[in-house]
Amino acid sequence: MLRTTTRTAAVAVAALLAVSGCASSQPARLDPTLDADEHSLLAEPEATPEATFEAPDDEHAVVGELAEDFPPDLVPLPSDAQILVSSAEPDGDDGTTTLSLNLRTSLAADELMADLREALTKAGFTEAPVATPPTGVAAESTFARESGEVLTVAVLDRDGVRTLTLGGRVVVP
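The number in our numbering is simply the position in the sequence shown, starting from 1, with 20 added.
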């Protein structure tokens, strides 16, 4: 019995030493020569329009500027707007155009939405803001006219930069 108890105790001590040697309150390091700030699995590369967006496979879409038929009078752009991608595709004989716009700006989300709201309501649109936008979205609204035209706008606020996404169908004169 003493041998069994001694053997059990020895195994327990060995297991305890092995486990305590592996346990640490410090995070695991993949490369001990790098500081935590230099080596992060969660770090995202800085996005640039060239790296993020390729030329769309669509004759109506362009990267880095407004598409040919995009109505700049209807959708005002912030002075520092960095257009990521835009498109304006005429839908046919009814005069409607499907619009899409993605841009970045340093303008605050509420100012960006106020400028859009002013321009779109002057053009006869009525706003239906989303009371509680999804997590990460600073503002979201839908603008509609009685003619059936609809534009949806969302603003993502991240690291001091706003990304505006706008899309919908409108009549372009």
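Calculated from the structure, these hints are not laboratory results.
Idealized CB from N, CA, C, for every residue including glycine.
You may find that some hints are simply not true.
To be verified - What follows is a set of in silico ranges between Cβ atoms, one per label pair, in the way DEER data are often shown:
no., residue 1, residue 2, range
1, Gly187, Gly156, 14 to 22 Å
2, Ala148, Asp177, 29 to 37 Å
3, Gly84, Ala148, 29 to 37 Å
4, Asp179, Glu88, 31 to 39 Å
5, Thr152, Asp114, 14 to 22 Å
6, Thr141, Glu79, 30 to 38 Å
7, Gly180, Gly112, 16 to 24 Å
8, Pro110, Gly144, 14 to 22 Å
9, Gly180, Asp114, 23 to 31 Å
10, Gly115, Asp179, 24 to 32 Å
11, Gly112, Pro92, 28 to 36 Å
Requested in this report: Identify every previously stated hint that the structure contradicts and give their numbers, smallest first.
Outcome: Violated hints: 2, 5, 7, 9, 10, 11; rest satisfied.
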